[in-house]
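This is what each chain is made of:
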Amino acid sequence: MLNEERYFDSNPAVRKIAKELYDKVKNLPIVSPHGHVDPKLFAQNKPFPDPTELFIIPDHYIYRMLYSQGYSLEELGIPTIDGSPVENDGRKIWQIFADNFYLYSGTPTGAWLTQEFEEVFGIDEKLNGKNAQKVYDQMLEKLQSPEFLPRTLFEKFNIEVLSTTDAASDNLEYHKQIKDSGWTGNIIPTFRPDAVVNILADNWKEEIQKLSSVENVDISDYKTFVKVIESRREYFKKMGAVATDQGVLSPYTHKLSESEADAIFQRALKGMATGDDEKKFIGNMLMEMARMSSEDGLVMQIHPGVLRNHNEEIFKKFGLDKGGDIPIQTEYTYNMHELLNAFGNHPNFKVIVFTLDETTYARELAPLAGHYPAMKLGPAWWFNDSIQGMRRFREMTTETAGFYNTVGFNDDTRAFLSIPARHDLARRVDCNFLARQVSEHIIDIEDAHNISYQLANGLVKKAYNL
Amino acid sequence: MLNEERYFDSNPAVRKIAKELYDKVKNLPIVSPHGHVDPKLFAQNKPFPDPTELFIIPDHYIYRMLYSQGYSLEELGIPTIDGSPVENDGRKIWQIFADNFYLYSGTPTGAWLTQEFEEVFGIDEKLNGKNAQKVYDQMLEKLQSPEFLPRTLFEKFNIEVLSTTDAASDNLEYHKQIKDSGWTGNIIPTFRPDAVVNILADNWKEEIQKLSSVENVDISDYKTFVKVIESRREYFKKMGAVATDQGVLSPYTHKLSESEADAIFQRALKGMATGDDEKKFIGNMLMEMARMSSEDGLVMQIHPGVLRNHNEEIFKKFGLDKGGDIPIQTEYTYNMHELLNAFGNHPNFKVIVFTLDETTYARELAPLAGHYPAMKLGPAWWFNDSIQGMRRFREMTTETAGFYNTVGFNDDTRAFLSIPARHDLARRVDCNFLARQVSEHIIDIEDAHNISYQLANGLVKKAYNL
Amino acid sequence: MLNEERYFDSNPAVRKIAKELYDKVKNLPIVSPHGHVDPKLFAQNKPFPDPTELFIIPDHYIYRMLYSQGYSLEELGIPTIDGSPVENDGRKIWQIFADNFYLYSGTPTGAWLTQEFEEVFGIDEKLNGKNAQKVYDQMLEKLQSPEFLPRTLFEKFNIEVLSTTDAASDNLEYHKQIKDSGWTGNIIPTFRPDAVVNILADNWKEEIQKLSSVENVDISDYKTFVKVIESRREYFKKMGAVATDQGVLSPYTHKLSESEADAIFQRALKGMATGDDEKKFIGNMLMEMARMSSEDGLVMQIHPGVLRNHNEEIFKKFGLDKGGDIPIQTEYTYNMHELLNAFGNHPNFKVIVFTLDETTYARELAPLAGHYPAMKLGPAWWFNDSIQGMRRFREMTTETAGFYNTVGFNDDTRAFLSIPARHDLARRVDCNFLARQVSEHIIDIEDAHNISYQLANGLVKKAYNL
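Chains as they are written, first to last, in my numbering: chain F, 1 to 466; chain L, 1 to 466; chain P, 1 to 466.
Don't read these hints as lab results, they were simulated from the structure. Keep in mind the model is a prediction, meaning the values are calculated, not measured. The reader is advised that the hints may include incorrect statements.
Which copy? The list can't say, so a pair holds if one copy fits it or any two copies do.
[What the hints assert, rightly or not] Simulated crosslink set (DSSO-like; lysine-lysine; CA at most 27 angstroms straight-line):
#1 Lys-462 <-> Lys-130
#2 Lys-126 <-> Lys-19
#3 Lys-462 <-> Lys-238
#4 Lys-126 <-> Lys-24
#5 Lys-237 <-> Lys-255
Based on the provided sequences and hints, a complete structural model is requested.
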């Protein structure tokens, strides 16, 4: 089912060059500097559960499409917060998924799944309602074999480094277990302080308490909070981290005076902080995190512009990350002005910026990254991590920022089995972009080979100091 | 003049597949679920007037281009509000149009006209200054023949359903006449309450009076107003309507308390409503209309984001719809939050959302439609109802929303004769999009055939419950 | 190195037509109606300095990329404001540039430079670290030959008209010298009043004094200021100017009463004007300039949407135009409403509007230019003056505004030697766009030939009354 020349232009002049470029990079090791795979997987190295538990229930990329077509999350087996019952027959859920697999036509989810099914599981027919149970059985059998243990797959997938994403208060227990086990898979944490920075979140005080307890410090003022953050970063760095990450509604940055910041912190502790307080506090923490990065060398990542939990009914019943996160317009030129003025020229600072608002690629992000030495462009993200999405990213950033102010590919996934398919797709799309440029005599084949290597492996290692 | 393979990629690998797909759907009946053709045309079934009266004078898509190049609307015969004289020699106006027909190169208007001239009128040369009067004569002769009566053309065009757009106060007299005539052409109304909802419009009170009189109720408060709207919807539904439509400046939605809504309504009756009142009132009426749709099953359509009558001099002299309506930035994630939270998960509710702000395709609309079961994406609209515009629509929505959260094509036209050309162009562009995906092994040919059928006929009937 | 078919689609069906179209327009004279070449070059007609002084030091398009990759502006020889020392060994700077020439892969700067090196200097190898000094020597030799004097190159480049950009207070001394010299190169000024309109700029009062002194009038109130502006425009027009230009943060337009305007002017003279005052004053001056254009016939140009000097450290050390100007979101529908209502229907007024916010192409600018007779669309500007950028411009404007509401190409450059390469690239991209349309049967070859001539030469002369 998988055509060797998939995602390449059908124009033979382009396709031939794309294939030539791709053949040189397709087997390069995978560097995954930003993702959400659970480190527990590799600490415990237990068999994956059945196909439904593996593919559908944990992956909102997949079930959001079924939900949009009228299937309830209960029918799809998504666990409720209050434990009220949902479908627990994996085969029934799989049947719905297979009956509706045609919905994924033309989507990246469809492309990744097709490749996983064929390359990882050896399934050689298109999933549909008729073969649903047979395919389920074939997969189930594989999943129980030793070749499908997480560590074995990790090695088979040829992953050079895999970054996880970890809360500020995480003690990185699973990372320690992996290291202690003597297994050599290179799995490193990433410091993500969102839960302790979003002062209006329901569980913020709990998160501060966790942070207090993990550091054995009573965090009762802003100054202590900042010190604890610095200390946690140090710990993460010692555990192998090379980067931090923040998901923010807006990339607004502005340093508060210590007294202003503390006043907000005190109001937050009393449950009296306002929306404006939170915006200011987050804008201030972006400045603090940039300052810390300029000191400890952890690479800063910013993922802005998503209104989380848009569908409140779903959020209340099923919790976070259930497919209801929706992008908003995002502005970088003004919002990042203060951060870039303070640290954008700093030789020890790097900030990788992402967006879901493609209008900013050519208008704001490429001009900023094509000037400030500290700023690099993260790859096409989330909804735009797709064939057309990546094409648009290259078309709208290259002419102003060049290739060398970008940082290679991020799979950004919690679906471990999809990692090879995602990187393969990205390499194909990048090689095809370069092939088109070669065929139009915009760049020459020698440069294209250099760049395709950089996009697959070189730039990501440079950007993340790997 | 019309090449059989027009609008397909010239790359032979794509073109061959596009043609194969198109050949299977080109003769499917036309379903036109949203448009502005006057039902009077079919009630009276009189011959169309001359070419100038048919093509130019009623169609601001056409004369706006001539106006932009320095021809006055008076020269083009557009009637003035005060009746002050304008050119009334159709041949002179036609000559200007023909002299300038090259201006339409590369525009959808040019493509539609070329197809209408050739396929409907049998004109086999490109219109220009030299052949202007000859072509005029050829058309005039055809227009006077019985084959060119509206009902005959309707049948020839193979139209399965044609929706008109009708004011809330309309008694649907022409629709009744059509039904009563025994003619079987399926022409159905659509309920559009803009005139009674836009409380600051000059003629709002008149419109409320019309509404009062058609329902025999004195509409002196908000509660009565809402009841009358419900009653009118019921009447429209009885007359065959399957949908409502609202044109709004912003898709802002927020439910007011009944007393707030009534206070605004009272101020409006006294001519004392403010801009903010109107915004709130419209946002509230979107909520009310959604609620009614969830009850009566009429499909809700929202067309936001146009600043009407930008050119005030033209508006004062010639009135509405004279080519001076200009799009603005539009925001959906926040604006539709309340409506989607209230009704987006409702099994009996459907809302079809349109935009003139293409930046929202990938950023907001596809993510929303790829999650909420009630929301579907209307096709590329108005200025974007064009070859490149439709390509961008598919490129920017498919990967996140898939094909099956879209609703086929809307011609949205008042130019009856252009309907076949518009649907044909849309089918060609969609088949070509699919062919490109097949040729790049993104989807397979079997899926492409299924999808091309859905885009031409299946999805529109499902979306509008036809 | 330069392929004859560069920038054309590699699909043979398109390439063949593109070449046919391009062959007819490639040798047409260059019309450059908007740029920043220094007229002193042609007044003095002295040899150009060495390659580093010619290509790198004056061109922020080039050194911003090196800066983004970690080279300091000091290392690159960019002069400081306070005269503190910077690298002055041109060969060292050239070596850095050559070592990093691969960074420009896929950028328009790379494309222009490659063409200049080969066509103007006869360099037939790709610049790199190894051949850096040899290439430097070859260039240096050429630069000292009489064939490389500015006037000789101007004639060789086949430039029909070259517009410079000149401050309101400029006495146009170099333009006079050129005219008086008897040399027939057609070099004309453009009136740019930004320095006397931006009332918050550090040197605004100085600029007003210069203006006072050049006109021998004491500019102490708004009324006098306006009269002086009118008088300067008259002088520029006498000196050959056909256009004005304004660079503004926002295209906001609103006429103030004379007393309001004067109150702001008085506050500005006292150094007490606010940000809001400046915004209002500029919005008012756009109205005044439009009014003057409707009277004296100078074509108005508006270049909005750039936040200048984003990097304050660089600005303080090195001054304006050092690569730190970053675009912002721009809005035209509301902002230009008053100007277009006042003058958009005026037969003696023309306004050419530019943007760095491509989201406005299809949404706002094409609909406006496709309606108002006075408004035309300037070509893809600055960061978007590039292969992909120009493609997007045509794809997003043509269907609504057509080709004939655009104005040909602007090189907008201060790099005189890049002018032929820039126009050549633009002609190639436009011909390829047309070829694609011909190959898809959207336009026919006859129209394509007419349009390609218009885009290369006809429209620009019509738009700028040349």
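Verification of the hints:
1. Lys-462 <-> Lys-130: between (48 angstroms within a copy, 24 angstroms between copies)
2. Lys-126 <-> Lys-19: Cα proximity of Lys-126 and Lys-19: in one copy and across copies (25 angstroms, 25 angstroms).
3. Lys-462 <-> Lys-238: This pair counts as within: shortest intra-copy Cα distance 19 angstroms, inter-copy 58 angstroms.
4. Lys-126 <-> Lys-24: between (29 angstroms within a copy, 23 angstroms between copies)
5. Lys-237 <-> Lys-255: within (25 angstroms within a copy, 50 angstroms between copies)
Of the hints listed earlier, there is not a single one the structure fails to meet.
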